[in-house]
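With these hints in hand, go ahead and build the complete structure from the sequences.
With the numbering used here applied, the sequence shown corresponds to residues 113 to 363, in that order.
Treat the hints with care, since some could be wrong.
Unchecked claim - Pair by pair, the computed Cβ-Cβ distance ranges are:
#1 Glu356 to Ser325: 41 to 49 Å
#2 Phe138 to Ala226: 51 to 59 Å
#3 Leu144 to Leu342: 19 to 27 Å
#4 Lys357 to Phe227: 39 to 47 Å
#5 Leu199 to Trp350: 31 to 39 Å
#6 Pro284 to Met201: 23 to 31 Å
Simulated from the structure, these hints should not be mistaken for lab results.
Quantities reported herein were computed from a predicted structural model and do not represent experimental measurements.
Ideal placement from N, C-alpha and C gives every residue a C-beta, glycine not left out.
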Amino acid sequence: MKKTPGTSVHLASFFSALAAVGLFLFWTFHRLHQPWNWAALFPYWPKFVQGWLLTLVISSASLLLSFVMGLMAALARRQSFLPLRYLSMIYIEVVRGTPLLVLILILFYVVGNAFGLENRLVAGVLILSFFSGAYLAEIFRAGIEGVGESQIESARAIGLSPLQIYQHVIFPQALRQSLPPLAGQWVSLIKDSSLLSIISISEFTLNAQEVNSFTYSTLESYLPLAAGYLLLTLPVTWWSRVLEKKFRYET
113 MKKTPGTSVH LASFFSALAA VGLFLFWTFH RLHQPWNWAA LFPYWPKFVQ GWLLTLVISS
173 ASLLLSFVMG LMAALARRQS FLPLRYLSMI YIEVVRGTPL LVLILILFYV VGNAFGLENR
233 LVAGVLILSF FSGAYLAEIF RAGIEGVGES QIESARAIGL SPLQIYQHVI FPQALRQSLP
293 PLAGQWVSLI KDSSLLSIIS ISEFTLNAQE VNSFTYSTLE SYLPLAAGYL LLTLPVTWWS
353 RVLEKKFRYE T
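This is the structure:
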């Protein structure tokens, strides 16, 4: 039987790798021979915090809404009603084939204007959810279609309704298979929120850009930006790992 390394070995290996990365970064930054001007940023720390909190709100709302949109689109693509199926297919393929930057401009300045939507925060959440939902739809579809047809037939044989089959047979297995790509897409969504700066939403990236324009301290302005996004994305990755272990079982 293969011996599993203990917790202490894992911790020692993790901190060794972390130290190696830290030393590499220290060496590369030291090679710049550039004086740091952190003092110029101190008056603007509230602006960083405000932008980070707004990004957290936008990302959290978009995560929830994109999950619903993606699931609905995935189910619609499996329906026997052809207009609904093709509507879902067009939505998925058009969104996945269009750059987010272009979608933001079209959805806010064209579609949003047609519907009288002036709240930039609401528009930003809807646009991000609309964009990410198309990718989540394909992730969900792959997870659903990964469930064996024999299991579905067995569920029908014991008298389960279509809703019960989805609830007790398909969704639990599809969720387990979809967790790794789901986590990756949600991390991408959080980082994609930085593009909302083009419609003047004062999120994290736009505020960092403004601080840079005030202080002319580029690296000092963008390093907190990188750290702030890591604080948002790492918990998503950790949470997905926890869920993977929770839903892991033999099939």
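Results of checking the hints against the structure:
For the hinted restraint 41 to 49 Å between Glu356 and Ser325, the CB-CB distance of approximately 42 Å keeps it satisfied. Take Phe138 and Ala226: their Cβ atoms lie about 52 Å apart, and the range 51 to 59 Å holds. Checked against the given bound of 19 to 27 Å, the beta carbons of Leu144 and Leu342, roughly 21 Å apart, stay inside it. For the pair Lys357 and Phe227, the beta carbons lie near 43 Å from each other, so the given range of 39 to 47 Å is met.
Between Leu199 and Trp350, the C-beta spacing of about 37 Å keeps the proposed range 31 to 39 Å intact. At roughly 26 Å, the beta-carbon separation of Pro284 and Met201 lies within the given 23 to 31 Å, and the hint holds.
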